[in-house]
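Peer 1: Take a look at the letters that make up each chain.
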Amino acid sequence: MTGDVLLVLGAALASGVEMVEAATIVLALGMSRGWRAPLLGSAAALGLLAVATLAVGPALERIPIDTLRLVVGTLVLLFGLQWLRKAILREAGVLSKHDEAAAFAQEVARARETGRARGPLDRYSWTLAFKSVLLEGLEVVFIVLTLGVNQGSIPLAATGAAVAAILVGVAAVLVRRPLSRVPENALKFGVGVMLTAFGTFWAAEGAGAELPGGDAALVALVAVTAAWSLLFVRVARVRAA
Amino acid sequence: MRRALAGVLDFVVGDDVWTALAVVLAVAATVVVARAGLDAWWLLPVAVPLAVLSSVRRASASGASW
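Order-wise, the sequence lines are chains A and B.
Just remember that the numbering used here sits 2 ahead of the position in the first sequence, which is counted from 1.
For the second sequence, position 12 matches number 4 in the numbering used here, and the numbering has no gaps at all.
No lab work stands behind these hints, which were simulated from the structure alone.
Among the clues, some could well be false.
[Unchecked claim] Computed footprint of chain B on chain A; a stretch qualifies when at least three of its residues, placed anywhere within it, have a C-beta under 8 angstroms from a C-beta of chain B: (1) 145 to 158; (2) 203 to 213; (3) 228 to 242.
Glycine included, every Cβ here is placed at the ideal spot set by N, Cα and C.
All chains, full assembly: derive it from the sequences and hints.
Peer 2: So this is what it looks like as structure tokens:
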């Protein structure tokens, strides 16, 4: 049960934060060149991502659980550490934080400079929206598949991700501005912590080690990973000063 | 094919190859120790933060752009 809650939370946070970045580009295109093409491009990318999830998910489920946990757990761990390391360095001020307002302004300027569309569909807007949603969404698909298959419920992870993506999309349409007030780095920090904890747990179990406390160890790993990550923010601040 | 593999590697490993290598070695060590019948559960929870600490210290000292 606790594992399922963490699963939904991890997938939803990852999806939300990636969709904020995609929504910034779609908004910039929609507000500067019209909505039809970017919305169609986004829908096509979301459709392709859904097909990829439906195609790869069942194939992963056929792999024996120990092998799956060892291989996929290691991949989740490596992937999660990328998120976590960057979030630590951004929080410490070593790396600059992602600025949605600046990204939006840059995208609007670029969209206005590009020639107007000829024909019924603005190919520039369609292609850019499609690529943005697809690239941001690929990370979400990876997280949904790896967390879902290891925890034994891809549909649960996919639901968490889909709900978060819909919420971000609705919020972006309602406010008609980049979602720059979303605490993006804090969310990435949270996702990094969860992926690192999940990856550590599954890789260790897949390797044949038995963590004390069974599934409760996952909760402990989340807490411990969050604690050392926050400590490392301080270390990075001191060293960068 | 080579470009696709490089893309997958970049997607999973990212910019810091040393951290990834340390983590893979720690996982391999966990397999070996567990198969020897010894307690191995503590290896990854210890190795992972050490690898990240090393990476964070390197990056913050050099002001790395990744």
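Peer 1: Against this structure, judge whether each hint is valid.
Peer 2: Hints versus structure:
1. 145 to 158: That given contact is violated, which follows from only 0 residues of the stretch 145 to 158 of chain A lying within Cβ reach (below 8 angstroms) of chain B.
2. 203 to 213: Answer holds; 7 residues pass the 8 angstroms Cβ test.
3. 228 to 242: Satisfied; 8 residues make the cut.
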